[in-house]
Amino acid sequence: MSWEHLIWFAAAAIIFWVAAAVSAFRSKRVWPTASLTLVGSAIFFAFIIGMWISLERPPMRTMGETRLWYSFFLSLAGAAVFIRWRYKWILSFSTMMSVVFICINLFKPEIHSKSLMPALQSVWFVPHVIVYMFAYAMMGAVTIFALYLWLRPRREASDEELGMCDNLVRIGWAFLTLGMIMGALWAKEAWGDFWTWDPKETWAAATWLSYLLYLHLRPRVSDRNVLFGLLVFSFLLLQMCWYGINYLPSAQGASVHVY
Amino acid sequence: MTLKWGYKRAFLRCALLFLAGTTLQLAVGDFDNSFLRYPWGLILAINYCYILILISSLKNKWKWLGQLGDGYACISSLASMIVLTIIFGLTRQDSATEGIVGALGFSRMTSSWGFNLLLFYFTTTLGLAVIDDFRHLRKRRVAAVMSHAAVFIILAASMFGSADKQRVMATLPLDKVVDECVTQSGERVQLPFTMSLREFSMEEYPPKLYILDVQTESSSADFLLVESEGDEAEVDSWKIKAVKSVDMAGRMPDEQEYKPMNHVGAAPAVYVVAEKSATGEHYEGWVSCGSHIFEPSYLFLGKRYAVAMPRREAKRYLSKVVVADDEGMHNFDIEVNHPARIGSWRIYQVGYDTSRGRWSTYSVLECVRDGWYSVIHIALWMLLATGVVMFATAGGRKIANKKARKGDKI
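So the sequence lines, in the order shown, correspond to chains A and B.
When the letters of the first sequence are read in order and numbered with our numbering, they come out as residues 1 to 259.
When the letters of the second sequence are read in order and numbered with our numbering, they come out as residues 1 to 410.
It is worth saying that the hints were derived from the structure and are not from the lab.
Take these hints with a grain of salt, some might be off.
Restricting the straight-line Cα-Cα distance to at most 30 Å, the calculated cross-link-like pairs of lysine-lysine (DSBU-like) are [as the list claims (entries may be wrong)]:
(1) A:Lys-114 / B:Lys-61
(2) B:Lys-241 / A:Lys-108
(3) B:Lys-276 / B:Lys-239
(4) A:Lys-114 / B:Lys-8
(5) B:Lys-8 / B:Lys-61
(6) A:Lys-108 / B:Lys-8
(7) B:Lys-276 / A:Lys-108
(8) A:Lys-108 / B:Lys-315
(9) B:Lys-276 / B:Lys-244
(10) A:Lys-114 / B:Lys-315
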């Protein structure tokens, strides 16, 4: 499997995801729709596994490789939310975002080398990245939903709709926590410190605290502008943590998380 | 939207704390945590927990004590920590003392008074919430209670144990006993044990061949990974084929050929055929990255380009070390991600002689002593379990929603 095969696997996956997104609005039954989206995810996962085998290491080292997981987990997160809470719109959102990240990978392919530096050869490497990508996917979904609720004309967000945001944030925050703790346990094994305030870690802490503030503000604050504004702001912090530090002058040459 | 008086008061408290921190920063310089060295860190930590329990018990009697751990304090301290963490992320941590950023201590955030005071306040607020949680334990709040408690333990242990951490570096030459290490500031430290390096070994990735532009000194983005003889790839419109590959090779000064060699300093060598179909050019010859004994070899493709092999990347490296202490001798295989543990010390593989690579005659190890390791480790696993519980129970409860009207107070 090579990077050139992505377009074929992605095309097949997108066909299933789009079909599922349409079916969510047309059909009242959950499982046919869920099956369609899960088949799309399985096709995309087959590409990731193929890359894993041909690279002889987990495809998680480069930014492009993490985008593959992001697209995959977005689709999976969409399916999970749809099955659990029957939100019709979620599959359209997850498909749209997955497609955006696949397009970035198609138009900006990266050279994929087989080498994996010794520090990355840890039992924590795979779960740490996977859990973080799942959290990012959840937070991506909730941000788009929040923007839709915030900016749509005439109708203010209902309690149920805000409840959906809460659920997604809670799941996303749980995964952010898991990713952060796995990173800390790994860092102790690799470098002797749980936490070193490396730029990536600093921004991960800011992101984690910001979503935590949302969770603590929810029972106390009724103003939709404050809540949605905080969700969007938190997602901007997440972007800084994910790839923003690669361009941030204060982080240049100061992070071990460069990829 | 207007802000309730409770929030105003709580945010004002944070602002005053930051102001006090800034004043202290300007007056006495960086926050020095050496007063927390064992046993003082532990004594203060126990007293701190006692004071928190005391505050929690007396909060009904003195209202202002209750304000230290109420909802307003929670939101304001959390928001203050976010602001400071963002400033932390935007400021280069280079210990600079010049300019406003340096004077305020932002370039040394973990040693700045403002950051430490607000972190202490945040931890205090959290600690009071934990006590409150345990006093009014409810089943549906299990995840919240666990996460509060775990984060509190992690923060409190990190603060009170911050001065007990010791990091020292040791360079171990082969078969020499080392009992001294050097701190970051160059101070020599006697270890409670001795270490000696018995063997250093390294596994490397297969060689890579790039097209080098001699004029611009840049190399191609693509490369040929030589895993076996016969491997070929197209790199920058050149078809490169690895006809012969020798993992450990050497070449005598008067010879053209690389020959297999089982000796210190042996380097990988590949016999390469390079062709450009557009021009019909054909070149062949040996390419090697060289070693500390042998010079590297290139295959020149005309005047401008050449096939080059950079030094191979390390896949893993391992030090077989014998550690001796009062209890006897212990054999350890130390590699990255697999430190050795002896008492409260952990020994990490850090480096080697990169100019000699796999033939390095010494290994660089780092010894880390962390007396609070177990406390933080347990709390981290507790938080990990909380994450799983939180995911499993998400969606199970609803937050009371209120519709906001213009002019409502939050």
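Structure-based check of each hint:
| no. | hint | verdict |
| --- | --- | --- |
| 1 | A:Lys-114 / B:Lys-61 | violated, 66 Å |
| 2 | B:Lys-241 / A:Lys-108 | holds, 28 Å |
| 3 | B:Lys-276 / B:Lys-239 | holds, 6 Å |
| 4 | A:Lys-114 / B:Lys-8 | violated, 56 Å |
| 5 | B:Lys-8 / B:Lys-61 | holds, 23 Å |
| 6 | A:Lys-108 / B:Lys-8 | violated, 49 Å |
| 7 | B:Lys-276 / A:Lys-108 | holds, 27 Å |
| 8 | A:Lys-108 / B:Lys-315 | holds, 28 Å |
| 9 | B:Lys-276 / B:Lys-244 | holds, 20 Å |
| 10 | A:Lys-114 / B:Lys-315 | holds, 10 Å |
Violated hints for the displayed structure, listed by number in ascending order: 1, 4, 6.
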